[in-house]
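Undergrad: Please take these sequences and the hints and turn them into a complete structure.
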Amino acid sequence: MTGATEARARGWHLDPRILYTGSRLFVLALLCVVMTIASPVFLTGTNALNVLRVASLLVILGIGQTIVILTAGIDLSIGSVLTFSSVIAALAIKAGVPLPLALAAGLVVGAALGFLNGLMVAVVKLPAFIATYGMMWVAAGFAVVLLKGQVIYGFEDNFRFLGVGNLLGVPMPIVIMGVLWIPSYLLLRHTTFGRSLYAVGANQEAARLSGIKKDRTLILAYTLSGFMAAAAGLVFVARLNASEAGIGANMLLPAIAAVVIGGTSLFGGEGGIVGTLIGALIMTIVQNGMNLLGIESVWQGVVLGALIVVAVLLDQWVRKALASENA
Amino acid sequence: MTDGGVAKSIRPESERPAARAKLPPVAWVVLFMIAFFGVTAPGFFTVGNFLNIMLQGSVLLIMGVAATFVILTEGIDLSLGSVLTLAGVTAVLVLQGGQSVPVAVLVGILTGAACGAVTGGLITVGKLPPFIASLGMMGIAAGFALVLTRQGAIYSDVPAFIFLGEGSLGILPMPTVVAVLVFAVGWVGLYQTDFGRYIISIGGNEAGTRLSGVNTAWWKFLTYVAAGALAALGGVIMAARLGAADPIVGNGWEFDAIAATILGGTSFEKGNGTLGGTVLGVLLISILRNGLNVVGVGAMWQPALIGLVIIAAIVFDVLLKQRGVIQ
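Going line by line, the protein sequences match chains X and H. Sequential numbering of the first sequence, starting at 1, is according to the working numbering. Sequential numbering of the second sequence, starting at 1, is according to the working numbering.
Hints in this document: simulated from the structure, not taken from any laboratory.
For each label pair, taking beta carbons as the anchor points, the in silico distance ranges come out as:
1. H/Val103 to X/Pro183: 56 to 62 Å
2. X/Val27 to H/Gln322: 43 to 49 Å
3. X/Leu187 to H/Pro42: 54 to 60 Å
4. H/Val103 to X/Thr44: 49 to 55 Å
5. H/Val47 to X/Ala242: 43 to 49 Å
6. H/Leu51 to X/Glu296: 41 to 47 Å
7. X/Tyr153 to H/Val295: 30 to 36 Å
8. X/Lys148 to H/Gln151: 21 to 27 Å
9. H/Thr46 to X/Ala104: 48 to 54 Å
10. X/Val33 to H/Lys127: 31 to 37 Å
Only pairs whose alpha carbons sit at most 25 Å apart, straight line, appear in this in silico DMTMM-like list of lysine to aspartate or glutamate:
11. H/Lys321 to X/Glu205
12. H/Lys321 to X/Asp215
13. H/Lys270 to H/Asp194
14. X/Lys125 to H/Glu206
15. X/Lys125 to H/Asp317
16. H/Lys270 to X/Asp215
17. X/Lys125 to H/Glu74
18. H/Lys127 to X/Glu270
19. X/Lys125 to H/Glu269
20. X/Lys320 to H/Glu206
21. H/Lys127 to X/Asp315
22. H/Lys270 to H/Glu74
23. X/Lys320 to H/Glu74
24. X/Lys148 to H/Asp246
25. X/Lys214 to H/Asp317
26. H/Lys127 to H/Glu206
27. X/Lys94 to X/Glu244
28. X/Lys320 to X/Glu205
29. X/Lys214 to H/Glu74
30. X/Lys148 to X/Glu244
31. X/Lys94 to X/Glu156
32. H/Lys270 to X/Glu205
33. X/Lys214 to H/Glu269
34. H/Lys127 to X/Glu205
Here the structure is a predicted model, which is why all the values come from computation and not from measurement. In this text, a Cβ means the ideal position worked out from N, Cα and C, and glycines have one as well.
TA: Have a look at this one:
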């Protein structure tokens with residue numbers, strides 16, 4: 001403690017936000033070093049692009065999840081919303097609907113499901129984990145109904161381009177991730193909506209009293225999360241060249257893990273999507289590493305569950321230590 | 001003991017619930033559904049079918065008791081379904097290893113208690129929000145179930161084990177006998193012991209309970225251990241009924257259990273609720289499932305429809321309560 005006081009007296013005080021981001025970058029760098037030593041193919045251009053491409057789905061999902069978690073909420077439905085909206089788009093494409101319209105339909109459906117989540121949380125005042133958990137099972141159920149137990153596969157090249165194409169040498173999923181990430185960053189950092197997200201998460205009552213439209217902020221947050229889930233779903237289906245009822249089921253835990261590892265507080269009001277980008281990269285390298293090291297994929301649920309829990313524990317511990325130091 | 005009634009007796013006379021006996025709304029819904037399916041489905045009103053409903057509702061009732069205990073402490077346990085799966089797996093593995101049925105049942109239940117202890121420890125010692133601790137445990141337990149079964153169902157046809165699931169005591173199926181016992185023990189535990197009084201008191205006012213000298217962390221921890229053990233008992237019975245442990249058999253069961261609890265009138269804040277209400281919630285879900293089967297609604301439609309009905313019921317329940325239409 002005296003060390004910190006001294007450092008501050010000498011004018012060295014580190015902004016906690018930089019410390020958070022810095023510590024995560026350090027973990028990311030450390031992982032890269034370990035992986036490079038453990039596996040000769042890790043630090044190759046192909047694998048690096050591969051990691052980034054795989055991470056892009058997680059980043060897109062993570063943007064929406066971060067926005068919701070900043071309001072002290074949670075969106076457990078993203079996996080099912082991803083599935084359901086991508087099934088809608090896939091069915092539309094197969095029915096001969098022009099591609100832009102079909103994509104728009106998927107995105108609108110995702111946003112609409114998110115909107116319903118927002119209504120349940122903001123207006124009905126259900127706890128977020130109940131409302132979105134219900135949505136998770138309902139959306140998954142209707143995806144099964146729409147697919148009639150089948151798999152839709154074999155899409156036109158224009159659509160597949162979103163998942164497997166390149167723009168100036170950069171894989172499309174990465175391009176789409178950037179197209180979604182940059183405006184989201186600006187939205188969070190430089191708009192009234194962004195600030196009200198943080199305010200609502202930090203203290204709902206105070207935010208309401210200071211004139212922030214709490215309900216509108218919450219509804220918009222969940223709508224954005226649904227939209228992002230739908231966007232991730234479209235990219236995913238384009239890459240797989242198939243739409244089936246199970247594609248979103250394993251997306252929820254990694255997305256939450258990415259956000260939490262990225263340093264966004266589950267209690268709301270702290271964090272952001274810079275951290276989520278780093279968190280998603282860490283998550284992807286861990287998964288990629290497990291594959292490269294030949295760890296069976298069946299272990300991934302165990303690792304993911306443990307990772308989430310440990311990440312939140314560590315995060316709380318660091319916050320507590322920082323808080324007591326600043327006091 | 002008189003302290004159990006303190007919370008009630010300090011309420012002014014005018015705020016007490018009306019003294020005349022009134023059926024809770026969920027009871028009306030159950031009666032309505034019985035009438036509806038009775039008229040529309042010829043096979044519904046038969047002794048065989050009612051036994052069927054009881055059999056199908058048994059595991060859900062055991063899970064519902066677990067969920068009710070947890071939700072009464074203002075917590076949530078999203079891992080109950082995966083714990084159910086994992087306990088069935090460990091029990092069948094022990095049987096396959098040549099151990100006796102009591103040992104297998106015990107190992108299954110201890111597996112669940114251990115999962116509950118980890119979740120409870122993360123919540124009480126690690127101070128994690130219950131939904132994230134149990135979400136992590138959901139991933140871990142589901143992951144271990146996949147690892148242990150090598151991703152396929154594992155079988156056991158030991159007669160004494162199968163009897164737990166398929167046998168009957170007089171006219172009552174064994175699962176129903178166990179469920180009734182669990183309910184009875186749960187009722188005594190909740191309403192006649194310190195454990196139950198503390199649980200209700202923690203849900204009503206955790207800080208106040210702690211300040212009055214109760215070790216709230218310990219009792220909350222025990223609640224999650226008990227919930228894990230009960231979910232495991234449900235998993236053992238399920239495995240006995242199927243003669244197999246399937247690595248995804250428990251997926252979504254926690255949703256039904258939580259839904260039954262909330263539909264039964266337990267609110268997820270303030271620790272209000274009754275075990276009797278949960279029985280009604282379990283009946284509602286079981287009759288809905290059974291009725292849809294008897295009417296001939298396809299298996300594909302059922303998860304979507306049931307999820308939708310449950311969420312709609314919860315939303316209406318909460319909205320009506322907020323507007324003071326129902327108690």
